[in-house]
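S.K.: The primary structure of each chain is shown beneath.
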Amino acid sequence: MHGSDAIGSPYAPHTDEERSKMLEAVGAETTEDLFDIPSAVQFDGEFGIDARSERETRRLVRSILGRNDTLTELLGRGHYGYYIPSLVDHLADRSEFLTSYTQYQPEVSQGFLQVLFEYQSLLVELTGLEIANCSMYDAATALGEAATLAERVRGTSGHRVLVPDILLEGRRSTLENYVAGTDLVVEEYPTAAGTVDLDALEETVDDDVVMLYAENPTVRGTIEEGLEAIGDLATAHEALYVLGSDPIALSLLQRPADVGADVVVGDASVLGLPTSYGMGLGLFATREDYLRQVPGRLVGASEDATDRRAYTLTLQTREQHIRRERATSNICTNQAWVALRTAIHAASLGPHGMVNLAKRGVTRAESLAQRLDDLVGVTAPIDDGRHLREFVAHVDQPAAPIASDLEKRGFAVHVVGDHQLQVCVSGVSDAKIDQFVAAFREVAR
Amino acid sequence: MTDDGRDESADAGQVRYDQARYVENGQYEPLLAEKDLTRVEIGDDDDSPLPDDLTRDSLELPELSEPELARHYTRLSQMIYGIDSGPYPLGSCTMKYNPKFTEDVAALPSAAVHPDRSERSTQGTLELMYRLQDYLGRIGGMDAVTLQPPAGAAGEFVGIRVAAAYHEHNGEGHRDEVIIPESAHGTNFATAALGGYDVVSLPSDDEGRVDLEALEAALSENTAALMLTNPNTLGLFERDITEIAEMVHDVGGLLYYDGANLNALLGRARPGDMGFDVMHYNVHKTFATPHGGGGPGAGPVGVVSELAPFLPSPRVRESEGGASEPTYELFDPDHTIGKVHGFQGNWLVLVKTFAYIARLGDAGLADASAKAVLNANYLASQIEYDVPYEPFHHEFVASAGEQDAADVAKRMLDFGVHPPTTKWPEIVPEALMTEPTEVESKATLDRLAAAFNAVADEDDDTLETAPDRTTARRIDQTSAARSPRLSWHALEDE
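So the sequence lines, in the order shown, correspond to chains X and G. The first sequence begins at 1 in the UniProt record's numbering and counts up by one. The second sequence begins at 1 in the UniProt record's numbering and counts up by one.
None of these hints come from the bench; they were simulated from the model. Ideal Cβ placement from N, Cα and C applies to all residues, glycine included. Mixed in with the good hints, there may be bad ones.
Stated by the list, open to error - Simulated restraints, written as ranges between beta carbons of each label pair:
{"no.": "1", "chain 1": "G", "residue 1": "457", "chain 2": "X", "residue 2": "21", "range": "22 to 32 Å"}
{"no.": "2", "chain 1": "X", "residue 1": "90", "chain 2": "G", "residue 2": "22", "range": "13 to 23 Å"}
{"no.": "3", "chain 1": "X", "residue 1": "18", "chain 2": "G", "residue 2": "23", "range": "37 to 47 Å"}
{"no.": "4", "chain 1": "G", "residue 1": "326", "chain 2": "X", "residue 2": "199", "range": "45 to 55 Å"}
{"no.": "5", "chain 1": "G", "residue 1": "384", "chain 2": "X", "residue 2": "40", "range": "33 to 43 Å"}
{"no.": "6", "chain 1": "X", "residue 1": "190", "chain 2": "G", "residue 2": "23", "range": "53 to 63 Å"}
{"no.": "7", "chain 1": "G", "residue 1": "384", "chain 2": "X", "residue 2": "18", "range": "16 to 26 Å"}
Kindly produce the complete structure, drawing on both the sequences and the hints.
M.R.: Okay, structure coming up:
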């Protein structure tokens with residue numbers, strides 16, 4: 001018997017006859033004889049999980065997830081939903097992409113290696129830095145890896161890792177876990193109106209700082225104007241200048257290499273993934289000087305025996321499976337398939353599409369902020385400066401009940417203060433934005 | 001030799017296999033950048049909504065039509081060997097067939113919610129997380145589970161951080177050593193080091209298991225934890241596990257279970273019952289969720305109740321109160337280590353995992369494990385290479401003897417199968433670490449064995465020049481590392 005009629009796993013294609021022959025070949029009476037588990041630790045209970053048909057399982061998952069409300073999400077703060085071209089799903093779901101493993105045998109993995117090489121190339125173009133790895137888990141873990149890199153490459157001693165006081169809690173907490181095994185301590189520097197307060201930062205930085213982290217745009221959606229000056233401060237104190245961003249922002253905003261960044265981290269899943277409850281794709285790019293200290297996998301070009309160009313995982317002596325406790329990172333499984341989705345989405349947009357998407361992020365955010373600002377009881381944006389995708393609005397009424405009322409009308413926004421809401425335009429249609437403004441008018445007065 | 005230079009000898013008694021090979025302008029498939037590069041000027045662009053000093057000058061990337069892209073990526077996909085292409089007995093990596101319906105459930109629009117949505121509006125997501133935590137707890141014999149770690153190594157890191165937090169909480173912060181068997185996965189060592197621990201490496205005994213005398217010597221009041229996988233990487237069950245657990249607990253250490261080999265035990269033994277305090281689950285191995293060419297995976301972590309207060313935040317629990325339908329909420333454990341991922345890990349992978357477990361149930365999971373073990377034993381019985389350590393479970397390590405295991409692997413590619421993991425664990429010379437998993441039929445195992453045996457009879461000249469049926473021929477890995485070219489920008493001068 002095969003398939004769904006079999007008792008047991010429907011994905012283990014043994015007939016009774018075959019199983020008998022196999023047992024005979026290995027000299028065992030039953031499959032259970034092959035298990036060498038002392039009776040003291042044998043499990044004779046049950047998990048209590050009922051098997052279901054495929055149709056029943058689909059129905060179950062659909063019914064559970066069906067308890068989620070359908071809302072228009074005007075949410076951002078590090079995780080963005082953009083429209084994803086059909087091309088991305090159809091190509092990325094080809095089973096060779098989905099069902100292969102890490103490319104330890106490059107001769108049969110050229111397709112995936114080339115995709116990852118092209119993904120690395122995309123990040124090199126976007127950041128202006130010489131090298132990029134082919135993924136970390138997400139922006140937060142990439143930031144953590146940047147800190148351990150800083151500890152390894154900085155010539156002088158030092159302990160302080162400086163981050164903005166508006167850094168996302170998830171990023172800060174993850175960073176603290178990554179440096180828990182080192183002498184590094186994470187400290188905050190002040191921001192003003194959603195961007196770095198340069199004067200206050202200058203007071204805070206000293207020679208004990210090994211890494212200075214800034215983001216562009218900031219978590220409040222504000223475009224940073226002092227990137228070069230921040231870099232100068234880092235350089236003056238021999239600290240690694242780490243910049244957080246994402247591929248859409250990098251398509252338009254100042255090139256990290258031009259403002260002195262040593263490392264760029266961030267979430268690249270802004271292209272290619274829907275709002276998947278925070279599932280990400282950590283981007284990591286840096287200078288060639290730090291090549292041998294980079295965490296994660298690298299794909300390099302080489303030649304095969306016919307002298308044609310071929311790709312392979314390279315510099316693996318940095319990695320855990322070779323270097324063990326002296327590895328640059330413990331990462332093994334990464335986010336290769338998400339990198340594939342990002343690469344296809346970026347290729348689908350092309351350079352004009354990417355730049356235009358970023359420009360639209362600026363104009364639509366500014367336009368929505370203006371429309372909200374026109375409402376009674378709302379001031380938007382409350383931060384000075386320019387915005388990409390999102391901004392913070394002040395509401396005269398308490399913010400939480402307004403957000404709750406908006407949710408009842410089908411819209412999700414962030415509550416970021418007693419009287420502050422944050423709103424993001426990515427992936428939201430113009431028609432939905434019109435409806436949102438109308439709903440906001442109702443609830444804010 | 002055929003017209004295209006491919007070796008016909010691999011056809012005897014075998015499925016003929018030629019991997020796709022496109023050649024255009026001397027390249028197998030040109031890079032997108034070799035097809036087009038278009039520069040967009042931004043700095044002097046009147047349409048820019050931003051002043052020049054806030055923008056980059058230009059952006060240069062390929063700009064191709066959708067049909068051109070569809071062909072590019074389709075061709076690339078054809079130049080990849082996946083589990084849907086054929087057997088993939090990559091030891092310790094557990095390459096199983098991935099049921100297709102799990103992709104469909106993970107693609108449900110209701111699965112894609114923003115992580116900052118309110119608890120009230122995401123009851124479906126929270127319920128599925130709660131149920132999966134519950135499933136995993138039962139399967140591992142653990143009291144509490146977090147789903148947050150985005151991979152197995154990230155799960156290990158949670159385990160190490162939880163152990164550190166637990167010891168610190170008990171005034172035992174001086175414990176600075178983690179003991180790891182020499183044959184363990186490299187991630188164990190790297191994770192312990194990342195957590196700030198000194199690694200104490202533990203040799204194996206003559207039978208390939210933990211050497212109890214060496215363990216006794218390694219244990220001390222400085223021991224924070226012992227990291228162990230069971231069955232170990234030789235596929236051998238650590239029969240002395242109860243004694244090992246007692247020894248570790250007697251000095252106040254914790255026992256960590258590396259879940260990479262859990263698929264050998266489903267329904268027959270549980271880490272919690274063996275005395276493990278903390279474990280991670282490799283859902284992309286044990287529960288047949290796709291590896292995606294190297295991720296995303298997910299590495300949920302289970303702990304005994306004493307360690308639950310230290311798990312990452314937030315976790316999911318059932319809300320109290322008299323609602324007719326159960327409701328769920330997020331909460332922070334009392335002494336949480338904080339977060340190890342910006343949000344809640346690789347959520348879509350967890351949806352696939354839940355669907356897989358719910359589909360198989362008790363009987364299916366136990367059956368998968370039984371047939372994985374049967375398949376490994378059967379395959380080992382059919383190959384000519386020596387298998388020095390037994391009785392193994394779901395995987396075994398053969399020795400290529402006088403042959404170079406890496407060359408053996410390259411030659412196996414010509415027979416249309418993926419080779420085993422090679423040269424690891426180092427206990428076995430020229431190791432061929434093989435794990436067929438439960439998804440292969442007897443016919444496929446026979447074909448795999450024939451490939452092993454054909455290669456076993458071949459001379460060094462044949463092995464050293466293999467493969468030739470694959471897209472690329474043998475690749476020069478040394479020059480790739482010596483003069484790294486890591487992007488198309490690095491190729492421009494050539």
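S.K.: Hint by hint, say whether it matches the structure.
M.R.: Here is what the structure says about each hint:
no. : hint                         : verdict
1   : G:457 with X:21: 22 to 32 Å  : 25 Å, holds
2   : X:90 with G:22: 13 to 23 Å   : 20 Å, holds
3   : X:18 with G:23: 37 to 47 Å   : 41 Å, holds
4   : G:326 with X:199: 45 to 55 Å : 53 Å, holds
5   : G:384 with X:40: 33 to 43 Å  : 37 Å, holds
6   : X:190 with G:23: 53 to 63 Å  : 58 Å, holds
7   : G:384 with X:18: 16 to 26 Å  : 22 Å, holds
In summary, the structure agrees with every hint in the numbered list given earlier.
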